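Q: Spelled out from the first residue to the last, the chains are:
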Amino acid sequence: MPTLTLIEHNGTVHQVTGEIGQSVMQAAMFASVPGIQGDCGGACSCATCHAYVDDQWQVRMPEAESTEADMLEYAVGRRATSRLTCQLVMSEALDGLVLHLPESQY
Amino acid sequence: MSLASVVIVGAGQAGFQVATSLRQAGYDGRISLIGDEPGLPYQRPPLSKAYLLGKIGATNLLFRPEKFYTEQRIELRHDRVTAIDRQNRRVLLEGGEALTYDHLVLATGAHNRPLPVPGAELDGVFGIKTMADADTLAPLAKQARNVVVIGAGFIGLEFAAVAASMGSSVHVLELGDRPMARAVSREMSELFSQAHRRWGVHLDFRQGLTRVIGDNGRVTGVETSDGRTLAADLVVFGIGVIPNVQLASEAGLDIANGIKVDANLLTSDLHISAIGDVACFPCLQNDEQPTRLESVQNAVDQGRTVAARLMGKPAPYSALPWFWTDQGDMKLQIAGLSSGYDSTVVVGSMGSAQVSVLCFRGDQLIAVESCNRPGDHMAARKILARPPQLSPTEAAATDFDLKAWEAANRD
Ligand SMILES: Cc1cc2nc3c(=O)[nH]c(=O)nc-3n(C[C@H](O)[C@H](O)[C@H](O)COP(=O)(O)OP(=O)(O)OC[C@H]3O[C@@H](n4cnc5c(N)ncnc54)[C@H](O)[C@@H]3O)c2cc1C
Ligand code: FES
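Residue numbers (UniProt numbering), protein chains in the order written: chain A, 1 to 106; chain B, 1 to 411.
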């Protein structure tokens, strides 16, 4: 099972294990990590599951599809490394992924 | 105000949210979340779309796993509240217990309006509301050859798109003259009519049914108002919902198309709030008219508003309504409320199915409906969050771009 590291804006670190096929948003929610709201439940309609990919990982990420990219344009505090975590699917390839959580989603 | 105990009736989207937001805000008292459905609280939107298609499993419908409720000290009870004893501030449970509250939140949601024709009780006739409904429906939908959908609202059309993609022949009966008429503009209705026809869905407007026909207790067809018989091995209806107000009305709370609440989402009893599908509130985006909305956004934001008030930060509810529906490859996102619009401006091309319809009342932009233009939707949410200055003339200019306008007109 792939493991993720989620780092809150205040520095708190969470190690989260998710199931393959589950979204990163869901894995984070199931681990009760604060800082991911996921209001629309993963329908790519709310942009409240926003996170920043760690620089080390940025090059290894699958590209965002157009809906995600469009939604991201309006995510609060958007950066080049922004992703919507409901659109990132847990896989062996993402094992070890490090994400930083924005301050806005509290 | 220090509250020792908050009791929440209804463990759906709104009830879950108020419980979670209370803990997030540091509430330390007792939280009882009472729901009459089996299992853990879950989200409904995928029930008529991704869940039916098998794209997401049951676990992923859950808001949180079981341990969350223990960790957060949210007492989740599977029970039914049968009465509110306002005088003694307690609720009575079907299981026989009574729970006292300092504040009570009613988040009882709504139930499907039943199909008002003979034969509605036959096997193979469904409304979709609960996970249990979807679980029974899913295997039947896979096998069905002839599907009749009653009602071209969001849920009916979402299901029609699913059934068509599974290879069924799908026929939709709708009393009105266009799909989703209560919620979207004519232009957007037209775009979705075209799409459904493209997917092979047969849309029959100004058409009701007189009865459901069956054989040995199972549905075999429906009889339309104009006297035709349509074969059906599955009938799914989505003809609106009725708010679950019984508890509140028996307790003597004010009722008006839902439980009547003020701008702070308080009922006529200061110790009782109502939120979500069941609450009828003065809606800022609807001229403060009593309004009842059925959406995730409304449930979530009202849950947050009540939690904040209980934690000493009262604020009138003012969140901008937004909504989405996914049908086939079309994602419709709506910001604002279009009811009462008198003119529209279409941005994008109807042919490409990437369209935003801007709805105006007079010179005022009141809603933006975006199909496969999520950037426009997000821009619209920003624009509509304060009194928008965008005029219909400006929007109608050639090459008008909503995102660019938003960027240029930010504070
Ligand atoms: C199939 C379907 C698809 C949808 N798709 C979308 C969508 O795409 N986008 C969107 O924004 N919205 C969608 N919605 C609407 C959205 O799910 C609802 O608006 C939302 O769930 C409302 O939340 P609620 O908490 O008010 O009510 P609910 O989620 O319905 O929860 C109310 C709960 O209270 C329980 N209850 C009632 N009375 C009692 C009692 N006396 N004692 C104990 N428990 C009680 C009920 O059984 C229920 O579990 C959809 C709804 C359905 C059914
Ligand atoms: S959960 Fe809503 S966009 Fe990801």
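What the hints contain is simulated information worked out from the structure, not anything from laboratory work. In this text, all values refer to a predicted model and were calculated from it rather than measured experimentally. Where hints are given, some of them may not hold.
Chain A regions said to be covered by chain B (calculated; three or more residues, Cβ under 8 Å) [what the hints assert, rightly or not]: (1) 34-40; (2) 80-94; (3) 99-105.
Not the full set, but computed from the structure, chain A residues with beta-carbon under 7 Å of chain B [as the list claims (entries may be wrong)]: (4) Thr3; (5) Ala64; (6) Thr67.
A virtual CB, placed ideally from N, CA and C, is assigned to each residue, including glycine.
Q: Next, verify each hint and record whether it holds.
A: Verification of the supplied hints:
For the stretch 34-40 of chain A, the stated coverage by chain B holds: 3 residues have a C-beta nearer than 8 Å to a C-beta of that chain, and at least 3 were required. Interface restraint, the stretch 80-94 of chain A with chain B: violated (0 residues with C-beta to C-beta distance below 8 Å; minimum three). Under a criterion of three residues with beta carbons nearer than 8 Å to beta carbons of chain B, the stated coverage of the stretch 99-105 of chain A fails, only 0 such residues being counted. Using the Cβ-Cβ criterion of 7 Å, the hint placing A:Thr3 at the interface with chain B is not satisfied: the shortest such distance is roughly 17 Å.
The criterion of a C-beta within 7 Å of any C-beta in chain B is not met by A:Ala64, whose closest approach is roughly 11 Å, and the hint is violated. Interface restraint check for A:Thr67: the shortest CB-CB distance to chain B comes to about 5 Å, inside 7 Å, so the restraint holds.
Consistency note: the structure conflicts with the earlier hints numbered 2, 3, 4 and 5.
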